[in-house]
Amino acid sequence: MARMKFLCDSDRCIECNACVTACKNEHEVPWGINRRRVVTINDGKPGEKSISMACMHCTDAPCAAVCPVDCFYKTDDGVVLHSKDLCIGCGYCFYACPFGAPQYPQAGNFGSRGKMDKCTFCAGGPEADGSAEEFEKYGTNRLAEGKLPLCAEMCSTKALLAGDGDIIASIYQERVTKRGYGSGAWGWATAYKTGIQAGPAPGERKG
Amino acid sequence: MTILATLLRALALAALFAFAGTLTASAQTQPPATSEKDLLEYLKTCKPGQPCDGRVTIPDRKSGTLVQPEGRGWQERMEGPVKKWGGWFLIAVVVLLALFYMVRGKVRVDAGLSGRKIQRFTGFERFVHWLTATAFIALGLTGLNIRFGRSVLMPLLGDDGFAALSALGKTVHNFTSFAFMVGLVLMVLIWIRHNFPAKGDGAWIAAGGGILKKGVHPPAGKFNFGQKLIFWAVILVGAAIAVTGLLMMFPFYFSSLGGMQQATFLHSILAILLIGVILAHIYIGTLGMQGAFDAMGTGQVDLNWAKEHHSLWVEETQARKGGAAAE
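Here the protein sequences line up with chains A and B, keeping their order. My numbering puts the first sequence at residues -17 to 189. My numbering puts the second sequence at residues 26 to 352.
FYI, nobody ran anything at the bench for these hints, they're computed from the structure. The C-beta atom is built at its ideal place from N, Cα and C for all residues, glycine as well. It cannot be assumed that every hint is accurate.
[As the list claims (entries may be wrong)] Chain B is nowhere near these chain A residues, computed Cβ spacing over 12 Å in every case: (1) A(-16); (2) K31; (3) D42; (4) A43; (5) K97; (6) E109; (7) A126.
[To be verified] Cross-link-like lysine to aspartate or glutamate pairs, in silico, EDC-like; alpha carbons within 20 Å at most: (8) A/K175 to B/D226; (9) A/K27 to B/E101; (10) A/K56 to A/E30; (11) B/K108 to A/D67; (12) B/K109 to A/D52; (13) A/K97 to A/D67.
Take the sequences, apply the hints, and build the full model.
Written out as structure tokens, the structure reads:
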């Protein structure tokens, strides 16, 4: 089976937010919930980079380890999903998550949180694939239809790659080799403990 | 009352110091890195509260944090120190209390029960005690469920049953906390004057509280040194648990992500510590000592019990009563 991963090539990302919009529209994500976001660092300075970030579907996901009701599970594709029927909205997964992925709707007064929502890698949830209940809670299940996540499909510069980890890593490595630089696979060291996969650091170009 | 004011001020100051680092955002000193490796290095030099964040176009400011590797560190702390060590600590407390009971047995009133009763706690004092106690038990059980339920109860109840129970537990925990906090404040008001160090305390400590040997009864006032320790543990640790609990109940209102992680960690570890202390308190107030429960039960204790365990208090009470009768 494939091991699904995300990879954002920050040397290509132009901060158009199409991935964010595509995600919101595809899954009809409620107002205030952001499964994906684009973060710009060094804004307006040399070395400015934009990176599209969502749940990275970690190896040994800390959210799953820390969840008091054990509502997370991993699919055969390595996608980290959760059950909203079990979630109690305690917020622990947000404290553990290295990428700020879990989102909570406001459920009542003050800080009371509803059931957690996050990126599903367009793979739905525990309900039957493509069912109305699944869509209501988790959005579209594109993986079950043989399609990849819409955010990456929508990406105008193909900065955001989604799919089998080995394949997207080799695509990225090829790019780095060709253009001679790459700022690394953002989040990979933290999410997959595989180190920075691709490319020399900027400046140390391959000859 | 000035002592009370000083204490509260010190407490507020301590709480402020603990979270000051995470409350306010100071200016960024150097720009973030341009590769993930550099960013992770940069984040290590990032002081708590300093925004090492990027810019986002959505209102959720905290989403500007690109990577926070401390998440894994927090998860490991919650599993290691809190769950593993905390779990063993609680088991050790129960085992030690059981061993103590087997060796020492129930501490009996040496002179036998006199049949004469003396008023120890008023109705209001008992109300305050039981308000705090019932709240604490509800909070303790629902809190332990969050930390240990997944390993202990979930296999018994199944996923759905356990999730439903935990959701209910979370609601109970949130609302009962206010009763506990009211109880803490009332306890300070009614009992703080009896809980300052007094001259009998040294002798009481030297005699080991008299609990180890039969017939040894060091003099004590309304509260002996052990009870004073319980009082201060409940008030100080309880206040710290209350403050961190409020931070958790209002997530990100007063603290950053680092602050929330600190708050949850401290909240769990202090709560486990206090549960251990209270287990010992419950033991000596029920199983461990004859006649002790009456103090918080009916409020009236046997005179011989009182003379053995709180001799100074009995003298004082009887002198006051005698004086009042003579007038």
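Hints versus structure:
no. : hint             : result
1   : A(-16)           : holds (23 Å)
2   : K31              : violated (6 Å)
3   : D42              : violated (9 Å)
4   : A43              : violated (10 Å)
5   : K97              : violated (10 Å)
6   : E109             : holds (14 Å)
7   : A126             : holds (23 Å)
8   : A/K175 to B/D226 : violated (57 Å)
9   : A/K27 to B/E101  : violated (36 Å)
10  : A/K56 to A/E30   : violated (35 Å)
11  : B/K108 to A/D67  : violated (25 Å)
12  : B/K109 to A/D52  : holds (17 Å)
13  : A/K97 to A/D67   : holds (8 Å)
In terms of the numbered hints stated before, the structure departs from hints 2, 3, 4, 5, 8, 9, 10, 11, listed from lowest to highest.
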